[in-house]
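A.B. asks: Going down the list, the protein sequences come from chains A and B.
Our numbering puts the first residue of the first sequence at 8, with every later residue one more than the last.
Our numbering puts the first residue of the second sequence at 8, with every later residue one more than the last.
None of these hints come from the bench; they were simulated from the model.
Hints are supplied without guarantee of correctness; some may be wrong.
[To be verified] Here are the simulated lysine to aspartate or glutamate pairs, EDC-like style, with alpha carbons at most 20 Å apart: (1) K17/A to D50/A; (2) K32/B to D202/B; (3) K32/A to D50/A; (4) K62/B to E182/A; (5) K17/B to D67/B; (6) K62/A to E182/B.
Residue strings, one per chain:
2 protein chains.
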Amino acid sequence: MRAVFQQELKEVQSRLVELARGAQKIVTKASGAFLNSDVSLADEALALADSNEEKALDLDELVIRILATQSPVARDLRILVSALRMSASLERMGSLASHIAAIARYRFPGSAIPESLRPTFEEMAAIDQELASKAVSLLENTDLDIAREIQARDEAVDLLHRKVFDVVLASDWSENAMYTVDVTLASRYFERFADHVVDISAKVSFLQTGEW
Amino acid sequence: MRAVFQQELKEVQSRLVELARGAQKIVTKASGAFLNSDVSLADEALALADSNEEKALDLDELVIRILATQSPVARDLRILVSALRMSASLERMGSLASHIAAIARYRFPGSAIPESLRPTFEEMAAIDQELASKAVSLLENTDLDIAREIQARDEAVDLLHRKVFDVVLASDWSENAMYTVDVTLASRYFERFADHVVDISAKVSFLQTGEW
Chain A
8 MRAVFQQELK EVQSRLVELA RGAQKIVTKA SGAFLNSDVS LADEALALAD
58 SNEEKALDLD ELVIRILATQ SPVARDLRIL VSALRMSASL ERMGSLASHI
108 AAIARYRFPG SAIPESLRPT FEEMAAIDQE LASKAVSLLE NTDLDIAREI
158 QARDEAVDLL HRKVFDVVLA SDWSENAMYT VDVTLASRYF ERFADHVVDI
208 SAKVSFLQTG EW
Chain B
8 MRAVFQQELK EVQSRLVELA RGAQKIVTKA SGAFLNSDVS LADEALALAD
58 SNEEKALDLD ELVIRILATQ SPVARDLRIL VSALRMSASL ERMGSLASHI
108 AAIARYRFPG SAIPESLRPT FEEMAAIDQE LASKAVSLLE NTDLDIAREI
158 QARDEAVDLL HRKVFDVVLA SDWSENAMYT VDVTLASRYF ERFADHVVDI
208 SAKVSFLQTG EW
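Model the full assembly from the supplied sequences, consistent with the hints where possible.
C.D. replies: What follows is the structure, encoded as structure tokens:
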């Protein structure tokens, strides 16, 4: 029974890694769509987000089945409850990235980014992609050094998010309301994406150390 | 053991109702703060959101303890897993409403709403408060008529959310970028708040009927 259970936990882990890889692909394509007004990348991001949502639901069903058949307690139970939450975060990351892709799609053939904010968004998109890649590594290896790196990179995203507002609210901002709306929402989505990676790393750290 | 378990499920239900009442209070105070530039209401909303977050964490711990001691299966297990998710939604609703309060606080003594959008936001805030109240009733009585009403009211919020963008992106929009940012984010928070009520009602319906 214990061997079966260990096998099942491995399966949960590998599905979480797969979901994280999905979120990484979605944010990569969504960033490309957003930065380069690329509609076909946007469509790929939207389709991948749907498929990631289905995979998250499948994982949830697997976890519920394991809870029912194995009646785990203590740390094993916490691992499975955390898996449900991480699955929700990974699904949400795909969904947030797909909203970024949708903005690009909506503004095509125009760009959703004014030139003055391009470097800021390039950096934000790069860090979100890096964070998604770190989420994959963390779920594969549960290395707490990665958890600490994630914390630091999230702070960089928060600074860039605030910088977007500083630029938009400065007296020399002369772009139209459409740009203002697009960059406000896109920045919010990038920032929330990073928050979810932090949530995931907090859960992995908790399972390793018992401390939040 | 079964009697103890039924007692525990009752406790979970009453804590979910309490969290929903908390979310209702937070969105009521946040709406007042946002519509009337009332900083003391904003502070109350922010403090309540912190306390709701703690209550949600306490509920999660209770659910994990019940899972560990009762090893529920089938519908009982699904009720508890759903409770974890509803707890997350109710906590998030408080957090989203507190972001609305924070916008009001940030713009004080000015208003975050231009007059042209005041009626739209009044309606949106009223429906979100109504939705929170319906979430309380639904969690108390698991009445599926309420679940259907929630669906319809959420559609009304989506229309108002789109209306905000229509107004902001119209050629006669002449407000400054600060207003554009504020109303874009506030509208998004109101809309996400309503989405979470729909998520909760879908879970209650599923537990009652076995169908999504």
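A.B. asks: All the hints need checking, so say for each whether the structure fits it.
C.D. replies: Results for each hint:
Of the pairs offered as hints, the one joining K17/A and D50/A is violated, with about 32 Å between alpha carbons and a cut-off of 20 Å exceeded. Distance restraint check for K32/B and D202/B: the Cα-Cα separation of roughly 18 Å lies within the 20 Å cut-off, and the hinted pair is therefore satisfied. Of the pairs offered as hints, the one joining K32/A and D50/A holds, with about 13 Å between alpha carbons and a cut-off of 20 Å not exceeded. Straight-line distance between C-alpha atoms of K62/B and E182/A comes to about 44 Å, which puts the hinted pair past the 20 Å bound.
Of the supplied pair hints, the one linking K17/B and D67/B holds, its CA atoms being roughly 15 Å apart against a limit of 20 Å. Taking the CA atoms of K62/A and E182/B, the gap is about 44 Å. The hint is violated against a cut of 20 Å.
Checked against the numbered hints above, the structure violates hints 1, 4, 6; every other hint is satisfied.
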